[in-house]
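Asks: For this one, chain A is given, so just place chain B on it according to the hints.
Residue numbers (my numbering), protein chains in the order written: chain A, 1 to 115; chain B, 1 to 114.
Simulated from the structure, these hints should not be mistaken for lab results.
Quick caveat: nothing in here was measured; it's all calculated off a predicted structure.
If you want a taste of the chain A side facing chain B, the calculated C-beta under 8 Å gives, among others:
1. 31
2. 50
3. 58
Every residue, glycine too, gets a C-beta built ideally from N, C-alpha and C.
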Amino acid sequence: DAGITQSPRHKVTETGTPVTLRCHQTENHRYMYWYRQDPGHGLRLIHYSYGVKDTDKGEVSDGYSVSRSKTEDFLLTLESATSSQTSVYFCAISDWTSGRGETQYFGPGTRLLVL
Amino acid sequence: GENVEQHPSTLSVQEGDSAVIKCTYSDSASNYFPWYKQELGKGPQLIIDIRSNVGEKKDQRIAVTLNKTAKHFSLHITETQPEDSAVYFCAASGSGGGADGLTFGKGTHLIIQP
Numbered sequence: 001d002a003g004i005t006q007s008p009r010h011k012v013t014e015t016g017t018p019v020t021l022r023c024h025q026t027e028n029h030r031y032m033y034w035y036r037q038d039p040g041h042g043l044r045l046i047h048y049s050y051g052v053k054d055t056d057k058g059e060v061s062d063g064y065s066v067s068r069s070k071t072e073d074f075l076l077t078l079e080s081a082t083s084s085q086t087s088v089y090f091c092a093i094s095d096w097t098s099g100r101g102e103t104q105y106f107g108p109g110t111r112l113l114v115l
Numbered sequence: 001g002e003n004v005e006q007h008p009s010t011l012s013v014q015e016g017d018s019a020v021i022k023c024t025y026s027d028s029a030s031n032y033f034p035w036y037k038q039e040l041g042k043g044p045q046l047i048i049d050i051r052s053n054v055g056e057k058k059d060q061r062i063a064v065t066l067n068k069t070a071k072h073f074s075l076h077i078t079e080t081q082p083e084d085s086a087v088y089f090c091a092a093s094g095s096g097g098g099a100d101g102l103t104f105g106k107g108t109h110l111i112i113q114p
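So here's chain A without its partners, still in its complex pose (with noise of 0.2 Å):
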């Protein structure tokens, strides 16, 4: 998984909780990306991040949000889990520095119930 581990791998909360998933990253990317994954709809991208302190919107971002105060890690928060957050969360990395910038490479996920 190109030396990308997630925390936790499997969650079960409660709606209305708040929900912390990290991501961290020994291959000193620059680039870092949260995705969920959902039945029917593959992978979609939630939030970015292309630096320290740098993070943009995706797709899907109504609900989320994200911090990066490390090259290392990459935060996601869900300030109050609904049960239309119950999902698998993928974080994925890539290196615009070197020759191949867009490859993204995966973590193994968070798998989230929120009951």
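Replies: Chain B only, in chain A's frame:
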């Protein structure tokens, strides 16, 4: 924004036969097209990619073709083996070149029949 359509959603082939998965994209500025393989319970793994200045790329039993005029690209797997069974996703970079994320197709479940 970019929109990627992928077909078929399920593909069943006999072991040893070839499999073809097709994708179309909408943004003519897209210039990078990766294919990912996802096994149950794991993250997507890049298997091959192609850039818009190339029409075809091969890597052993896997090949990808790109038709920029028609805005479609395809994954070809020859001499399929049981370990090829998985879900395959195509993606396109959009006008941002991929820096602002990839747009994925909805996936193809490839089943290799023994």
